[in-house]
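Colleague: In case you want the letters, here they are:
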Amino acid sequence: MRVRKLQITRRSVQLLVVALVLTVPAVARYNNYLAARELDQKLERWQGTLPGASLAGIDRVMRALPDGEMERAGKMQRNRTRVLEYGQEVRGGPWSAEIAGVSLTDPLAVVESVAASRRLPWVLLAGLLVPLIVTALLGRVYCSWICPMGLLLEMTDKLRGLLRFLEIRPFDLRPARSAKYWLLGAGILLAAMLAVPVLGYVYPPALLSRELHDLVFVAFDRAELGKRGLWVGSLSWMSMVLGAIVLIEVSLSRRWWCRYVCPGAAIYALVGWARPLRVNLQTSRCSDCGDCVKACPMALNPMGEELGMECDGCGVCISSCADKALAYGVGRRPSPALDPIATLENVSAAEVGQ
Amino acid sequence: MKDRRAELRSKEGKPLPRGEQGSSALPEEAAEGRRLQAGGPEEDSAVQSRRGFLRSLAVGAGDVLAGAAGGLSAGRRAPSKIPGLRDGLGIVRPPGSIDEEDFLASCERCTECVDACEVDCIALFGEEAGRLAGTPYILPADKACTMCMDCAAACPTEAMTPPASMEETAMGVAVIDHEVCVAYNGSGVCGACYTACPLRSRAIREDFRSAPIVDTDNCTGCGLCEELCFVGQPRAIHVISARNAAPAVLRAIVQAATPAAGEDA
Numbered sequence: 007m008r009v010r011k012l013q014i015t016r017r018s019v020q021l022l023v024v025a026l027v028l029t030v031p032a033v034a035r036y037n038n039y040l041a042a043r044e045l046d047q048k049l050e051r052w053q054g055t056l057p058g059a060s061l062a063g064i065d066r067v068m069r070a071l072p073d074g075e076m077e078r079a080g081k082m083q084r085n086r087t088r089v090l091e092y093g094q095e096v097r098g099g100p101w102s103a104e105i106a107g108v109s110l111t112d113p114l115a116v117v118e119s120v121a122a123s124r125r126l127p128w129v130l131l132a133g134l135l136v137p138l139i140v141t142a143l144l145g146r147v148y149c150s151w152i153c154p155m156g157l158l159l160e161m162t163d164k165l166r167g168l169l170r171f172l173e174i175r176p177f178d179l180r181p182a183r184s185a186k187y188w189l190l191g192a193g194i195l196l197a198a199m200l201a202v203p204v205l206g207y208v209y210p211p212a213l214l215s216r217e218l219h220d221l222v223f224v225a226f227d228r229a230e231l232g233k234r235g236l237w238v239g240s241l242s243w244m245s246m247v248l249g250a251i252v253l254i255e256v257s258l259s260r261r262w263w264c265r266y267v268c269p270g271a272a273i274y275a276l277v278g279w280a281r282p283l284r285v286n287l288q289t290s291r292c293s294d295c296g297d298c299v300k301a302c303p304m305a306l307n308p309m310g311e312e313l314g315m316e317c318d319g320c321g322v323c324i325s326s327c328a329d330k331a332l333a334y335g336v337g338r339r340p341s342p343a344l345d346p347i348a349t350l351e352n353v354s355a356a357e358v359g360q
Numbered sequence: 013m014k015d016r017r018a019e020l021r022s023k024e025g026k027p028l029p030r031g032e033q034g035s036s037a038l039p040e041e042a043a044e045g046r047r048l049q050a051g052g053p054e055e056d057s058a059v060q061s062r063r064g065f066l067r068s069l070a071v072g073a074g075d076v077l078a079g080a081a082g083g084l085s086a087g088r089r090a091p092s093k094i095p096g097l098r099d100g101l102g103i104v105r106p107p108g109s110i111d112e113e114d115f116l117a118s119c120e121r122c123t124e125c126v127d128a129c130e131v132d133c134i135a136l137f138g139e140e141a142g143r144l145a146g147t148p149y150i151l152p153a154d155k156a157c158t159m160c161m162d163c164a165a166a167c168p169t170e171a172m173t174p175p176a177s178m179e180e181t182a183m184g185v186a187v188i189d190h191e192v193c194v195a196y197n198g199s200g201v202c203g204a205c206y207t208a209c210p211l212r213s214r215a216i217r218e219d220f221r222s223a224p225i226v227d228t229d230n231c232t233g234c235g236l237c238e239e240l241c242f243v244g245q246p247r248a249i250h251v252i253s254a255r256n257a258a259p260a261v262l263r264a265i266v267q268a269a270t271p272a273a274g275e276d277a
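Protein chains in written order, with this note's numbering: chain A, 7 to 360; chain B, 13 to 277.
It is worth saying that the hints were derived from the structure and are not from the lab.
Just so you know, these numbers come straight off a predicted model, no measurement behind them.
Glycine included, C-beta positions come from ideal geometry on N, C-alpha and C.
It cannot be assumed that every hint is accurate.
Claimed, not checked - One-sided excerpt, in silico: chain B residues whose CB lies under 8 Å from chain A: (1) LEU28; (2) GLU113; (3) CYS122; (4) ASP132; (5) GLY138; (6) ALA264.
Using the sequences provided together with the hints, build the complete structure.
Modeller: Pasting the structure below:
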């Protein structure tokens, strides 16, 4: 049994992001009830329901924070003022968020807003800080570590394996990667012409942000109306767009959205063009088995030329290499053709039959 | 995206009573019962008086309201299926919102203002609203704005910026329907809107009959009067949007809606 620690870490980060996306609107509602002095009433009445359970969980966490509780009338009670302050510290989703005072905005959101409105407020630039710095240093790691659509597509990728099991061979079309840069340009132009940030209506993190946010808010609204269960009617055409992306993913082209279409990926790739962190190959260890090439979700070749801006740093190649020939490293390594010593070592190793 | 008010309204577009034992609930049924008991106007004439009110609005409104309602012509009488558009009354945007065209270009359609709102009064337009889809609005009749300005502080693109003070907010102007308001049509004494107003005696005052009079220059359009109007459905006081409407135009609209002094309401 092989434990792929790197992939477990990455998967945990992805799932944490989804958990956060679902928790933030719940915290907003918790704050609403607390501000309206209805929280305890709701906690009591909604016992045994999902909204009730989430309010109870949030309450427990809030009380555990510094000064979350204070002693009153001989008991430890919720410190309303402080908890209200804590609750106001989280808002938004993958498209645009503020967590504990740190503003996080998707660069595509900034680009679209600026193109559509011709305004660039300082506060918008503040949201760019963390994403830009991280991407400039590490590359488009957003795509493989943060993006909830990336997680969804990795899940549905397995359906391709299911199709193969059913002896149906899915297509694996590979059009040009440059398409996404053209689409980004077109999206910026369209936003400028129509004065509407159009790409925000097709970009999956923005869609997922809205859909998941609505799902949570409507669940609470329904609880207030005395209705049980999620209202799947709260999902809209946005979910159909996501569904279409998944359908094409499964039947026509693996990770097509991320490789060839996504305008957000285009920006991240461009920003990460000169990044220091790379996945490097130690040619002396490489046995040319090609497992990494098969595994790479971005259809890159870790054995070949250095991995450029299209590499999203997912590390699947690293985790799938039986020879441990791949690793994260700082700086680019020269391509094998320029490294005659390593090539010679490789050749002699192969002759010896390793 | 779906407008979550669709789930919160009945098939006829009436708000459903929320908070099973009356938390943020509006005294819908109580008000209904009170009106019918007093032998007051039945459903039909209530609708009639509302139409009369809207007609008088249209006299002063014309293109301004058409622009404010995001494309709806002032001639449309059918209630909008889109809650935030409020058939001719216009969109009430959160406080501190910039001009509508700039707003539609700047608004990221994220959810930060919805999360920041302390009373959960902000909803986002659904896909049926076209260009407006995903942008925030307030429906004062359901839940009014308390002008805490948390939303404006939260907006990452400065499509909203916190006004310097409550008084400088310009979301809209409250207009009283003299045929529905119990103080004006002689049914009784109320004062709910006056009590609800955070700027009472400045934005709203009561005359000797305790009938409310709105000062259009000071009224911010927060809608607390509309939310808490005791008459129920339809309300006796409505906030009309200040979107794309100069103060002079709003004043004209209010004047057109107010019967001259001495006339029977």
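Colleague: Each hint needs a verdict: does it hold in this structure or not?
Modeller: Now for the hints, and whether the structure bears them out:
1. LEU28: holds (6 Å)
2. GLU113: At 7 Å from the nearest chain A Cβ, GLU113 (chain B) passes the 8 Å test, so the hint holds.
3. CYS122: holds (4 Å)
4. ASP132: holds (4 Å)
5. GLY138: Result: holds, 7 Å to nearest chain A Cβ.
6. ALA264: The hint is violated - ALA264 (chain B) has no Cβ within 8 Å of chain A, the shortest such distance being about 29 Å.
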